[in-house]
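Protein chains: 2
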Amino acid sequence: MELGTANGRDPKYDVLFEPVQIGPKTLKNRFYQVPHCIGAGSEKPGFQAYHRAIKAEGGWAAVCTEYCSIHPESDDTMRVSARIWDEGDVRNLAYMCDRLHAFGALAGIELWYGGPHAPNMESRHTARGPSQIPSDFEVNSYPRTMDSDDIALVQRYYVDAAIRARDAGFDIIYVYGAHSYLPLQFLSPFYNKRTDAYGGSFENRARFWRETLEQVREAVGDTCAIASRFAVDDPGPTGVKVGEDGVRFVEHVDHLVDVWDLTVGNIAEWGQNAGPSRFFVQGHERPNTGPVKAGQHTDKPVIGVGRITDPDMMIEIIASGEYDIIGAARPSISDPFLPNKIAEGRLDDIRRCIGCNQCISRWEIGGPPMICTQNATAGEEYRRGWHPERFTRATNAEKRVLVVGAGPAGMECAVTLGRRGMSKVDLVEAEPDVGGSFNYIHKLGYAQGDGDFRGAAKGLDEFYYLVDYRKKQLAKLDNVEVHTGRRLDAAGVRDWDADIVVVATGASWRTDGMNPATHETIPGADATLPWQATPKEIALGTKRLTGRILVLETEAYHMGASMCQRLASEGHEVFFLTQMDSFMDYMEYTLEAPMMHRDLHRLGVQMYPATMVERIDPGHVTAFNMWHEERKEHFAVDGVVLVTQRASNDALYHELKADREALTAAGIGGLYLIGDASAPRMPPDAIFDGHRLAREIDSANPAIPLPFIRERRLWGATSDNDYENQLQGPRDTDTVRKGAAEHPVAAF
Amino acid sequence: MELGTANGRDPKYDVLFEPVQIGPKTLKNRFYQVPHCIGAGSEKPGFQAYHRAIKAEGGWAAVCTEYCSIHPESDDTMRVSARIWDEGDVRNLAYMCDRLHAFGALAGIELWYGGPHAPNMESRHTARGPSQIPSDFEVNSYPRTMDSDDIALVQRYYVDAAIRARDAGFDIIYVYGAHSYLPLQFLSPFYNKRTDAYGGSFENRARFWRETLEQVREAVGDTCAIASRFAVDDPGPTGVKVGEDGVRFVEHVDHLVDVWDLTVGNIAEWGQNAGPSRFFVQGHERPNTGPVKAGQHTDKPVIGVGRITDPDMMIEIIASGEYDIIGAARPSISDPFLPNKIAEGRLDDIRRCIGCNQCISRWEIGGPPMICTQNATAGEEYRRGWHPERFTRATNAEKRVLVVGAGPAGMECAVTLGRRGMSKVDLVEAEPDVGGSFNYIHKLGYAQGDGDFRGAAKGLDEFYYLVDYRKKQLAKLDNVEVHTGRRLDAAGVRDWDADIVVVATGASWRTDGMNPATHETIPGADATLPWQATPKEIALGTKRLTGRILVLETEAYHMGASMCQRLASEGHEVFFLTQMDSFMDYMEYTLEAPMMHRDLHRLGVQMYPATMVERIDPGHVTAFNMWHEERKEHFAVDGVVLVTQRASNDALYHELKADREALTAAGIGGLYLIGDASAPRMPPDAIFDGHRLAREIDSANPAIPLPFIRERRLWGATSDNDYENQLQGPRDTDTVRKGAAEHPVAAF
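Sequence lines, in order, name chains A and B. Mapping of the first sequence onto the working numbering: position 294 corresponds to residue 294, and the numbering continues sequentially without gaps. Mapping of the second sequence onto the working numbering: position 324 corresponds to residue 324, and the numbering continues sequentially without gaps.
Keep in mind the hints are simulated off the structure, nothing from the lab. A few of these clues could be false.
Chain copies aren't distinguished; within one or between two, either way the pair holds.
Pairs of lysine-lysine residues, derived as DSSO-like cross-links and limited to a Cα-Cα distance of at most 30 Å, are as follows [unchecked claim]:
1) 399 x 12
2) 193 x 443
3) 193 x 632
4) 632 x 241
5) 458 x 657
6) 193 x 657
7) 657 x 25
Can you make the complete structure from the sequences, with help from the hints?
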């Protein structure tokens, strides 16, 4: 099924579809996927090519690789970058270029040399850098100080890589200087302590980058557009300021650049660039990067970013003269068809990025493929063959499906089943509205400005885009019906006129303190008491605690910090405890942690790492140090919030499953458990689970995911087909590859 | 050059070379490489096959994979495990089996299902577990609670995987229950809260594992030996105790197992098993695992581990009846030829594991290939073609090489150049003895017992094995001469009768507070003053501080903690500051952190994370909070230790390089900078750097490493040769693949 059709757009958006000339190349419109990581690199060429090509198909005028290492000296392992080190990389990346060109998009490559920020854990080479100071981003990663020979050598690496890139078919070649990588290290006095011709004065600090641009332009500038990504402003001490060396550098090398890709910040805190929606509004870089073009410091087109998904903001930006080109990373992941949907006037169909930065978390974690909360197909284009906008009609489309629970997983499953043409999909929700946990999560965050730094706490309201998009899509699908305010028990499910039942009843916070640290409940913990609370109660304001409050967090994502933020901003004295050695580890991955640390410090939250609650008594909590159990901490508090763990609401599923005869009598041939009701996890996992089931509802056993294409070296492979063929090997003992038709759970 | 020759062994070691029957298979001797990670998995089949085969060649009777996932539901991404999910994995792992068999070794595979410890970040499947409590090891990783169908399903996964493993050629098939993975999760009440037939009583908790062993044995036990790895004792609350359910379980399923691989501990703190030498003596698991066999609780052969490299300890263990088989992970990495060297009576040639756990750090980090401080060839067997014991004669062997500096890099370079048959190698050291930084590092640690837990601080004395091994090898090489107590200046180098000069002059601690946090020196920092010190001065005792002492650590490895340990144990009140949010991040990777945390807490060290020194005055240090700069901390202290950063001692190199005419006149045709003198890094990096230069001393440009074979999917590959051929592509602009013969630095 193809979704939607062109139905014309408001002419005010026409400006977004004007072509833009960049050097020898022409962008067909103003939509540009700036370089961003996905976990493919040059190592997974199918993933790389298909993921990028979906965007070309969706209307983006140019689509870029992630950062692409020019030489084994700049090896970011444990993270995944692209690489253009050798002929194999040329071959792998050429496949991406070919697919982009087939859809009329230009292909861009971001040539990268990391200096001390590249730990070289695979190549084991020695990174070179302007001055010998260990990385402020990596642990214990020192560069070798570059002498003039080293400078010439690394510039040669750039040129060699640019030539390889041209031969692979790239149209746009970057010399990448944002995020504190080598060219910016030379420009910034934070990194550059040199006293020779490459340090000291502005001209000297600019010399490395300028010469590199000159040499790359000389080598490939006749056929390729030369781009530079430049962090033109940095709120911290590591980079440059837009009003000083920022515009100065743009003017200095403007003649060498065909298009500027302007950003903010540094790598140690790149949440200032990829701003999470908890702290940053859309278009948040406009005050930093906008003045370059608006102030006429460049004659070249400027790309700007900032999680921009609103077409009206896009045209306002173009009109303001700040940017010529709307750059996007996260919005292009969340909706690869954003340009086409605007072009066709289908604004309601845009899956707007919610700014949760789960995509980014995977790069920060190091290896896993990128995921997206909004778009379950992101990263699955090649390996699972999923297209974000195209759905095949299910081979069992005559079946009627009942989905119980309209949280993220249930909504996504129902929408996808609807798109797959099931004869009837009923989505039944006990609460008055769809949305599940997002109905309280989106109320978190804190609405008072933080004067310390860019990134004022502004709340998670954009998380509601997740619900909003699905609500609109559910309303558009004729074969899907939503029933709210209706709680089904097992008999109610069996009485429903359904062939297939999907249980998506979510999860609840445990009220007894059960937790991953001790694997026991906590004596005295009972969030049903008036002076103890669950996160949901605090978020919704359905329970008000008084006085001094202790928040126990054993999850390491945002909920504990969100509780502290809320309660401290209401005037409570707050004690924040976790069994871990540091707080909110997962928020480090989503880049929210620095802003949250500042906010909690500003609010005076008292933090106790490696401290676990031992027992809770009225007015008094006893805790112990994880490394010295005899050392107790005592807290005189009036209230306690238990952010310990959630538990699946799976009773309905198990009750149904326990009586198979009754199910059979009711004509129910399939029963599935998805989302948090199966296991409470991150929101993108719940959405994926619902989407995956619907995509495979007509497989031999939808309960078990079908295999996916794995891209790794395959010993003895003689063709690309060998990779796909691994999935269909004739081994009759194999539960996996046969779709588990005969596995003991049968269709349940 | 082949190193050494068989010259007979002391007959007391003969017992180590007796065969051992395990089910249908025979181990040719008592040396057994237990499963351990290397970063290859099934994804890099060449790495996997060659690394393991080197050990088979070196005399090990059996060599195993790392943990090998049985199904995409147990996907450890971001870490690298082996996998036997499909036909491709069978093909990749069969290559390893073939190579092991060619050397007469048995091949073992460790079938693994992680439950909640498997984050499934690649497959996106939902892990199943006995009870729904999030992982105590992973962040926010919840399992789906297994019902009886799920149990049967996962047991089916084990059987399917075992059959695939048999078909791949494996001789020994594990059901892996150590390290808190699924079978142990069922056995341990910490994880298992079930009330059905799989929870509660011992028999019920043992049921899952027992049934799984029965089914796997039924499927493949006729042709393969069935092994089980079992953490028979756990000092923490997560596992079982040897005197209770430990021996009880062994007795319960002894009839189903052909060989026991016994360990200690859990995954959240598996340093209790892979004990770092800072805290654990060799054979440290004997009190925990020894009683099983010695107490006659099993009729089957028992494998025991504990960093055992001492042949006398090995025979004592066999004589004691504790273990039948000497298991090894780290000792087999450090010296793959350990069995053959014992067999041949070449005990001086054994490269003994120093217990630094750098190998393990790479698994903990997630993706990078394993490295070894002692053995620079570990992980390089396939991709760089390096053999730990075989060296080709250099094509320029007529050259005379001067190596300046006999620290780890210089020693390793000189040894390797000697083995490559250079006509003369002179290793010149300014200090009275060789060893470099290891002459003070090995004095660190703390010699007083810690009663809290297994793992008493015992000092880094085993780190000196690194120096000791190289000293002995240097003495054996006729073409290498060591000159100590001789400091060379540039003129001295030029006057030396050398064709090639290697500068390996190490690094020094900065005394001015320059650091990766602020990239500035610290006002008032001056470790040349009597009341401020460098780590080296404290380690050697050449400077004694008095009273209250502040230790500033900006490196995140062990040096700051080592200083605190030393000073606090001497009775000082110690304040420990770092700019990071947690302390000793890299010691988390080496598994030393938990013991060190306990030790620092026990010693009363006062810890201030996210706190950076602003200025140092006599008697007073001012610091600020990284997240709230206005919040100052004041410390009234008598002394300060600056663990901020090191600086390369590269002045000699640059002086020599600056006068090329003089070099040429002196007949010096090659000048290279290696080890910490190039960039101060971890010890394995310095050793690697020295080894690498010597391995490639006859390449077109030894200054730049030759390319290595990269194992990833290669689009359009039609044979395995395509991978190697990537290295020789005919692209004349390419600096890398041509050995950089014409790069601007020429031979320098």
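We went through each hint and held it up to the structure:
no.	hint	verdict
1	399 x 12	neither (44 Å within a copy, 75 Å between copies)
2	193 x 443	neither (47 Å within a copy, 34 Å between copies)
3	193 x 632	between (48 Å within a copy, 28 Å between copies)
4	632 x 241	between (48 Å within a copy, 26 Å between copies)
5	458 x 657	neither (44 Å within a copy, 57 Å between copies)
6	193 x 657	between (69 Å within a copy, 21 Å between copies)
7	657 x 25	neither (61 Å within a copy, 45 Å between copies)
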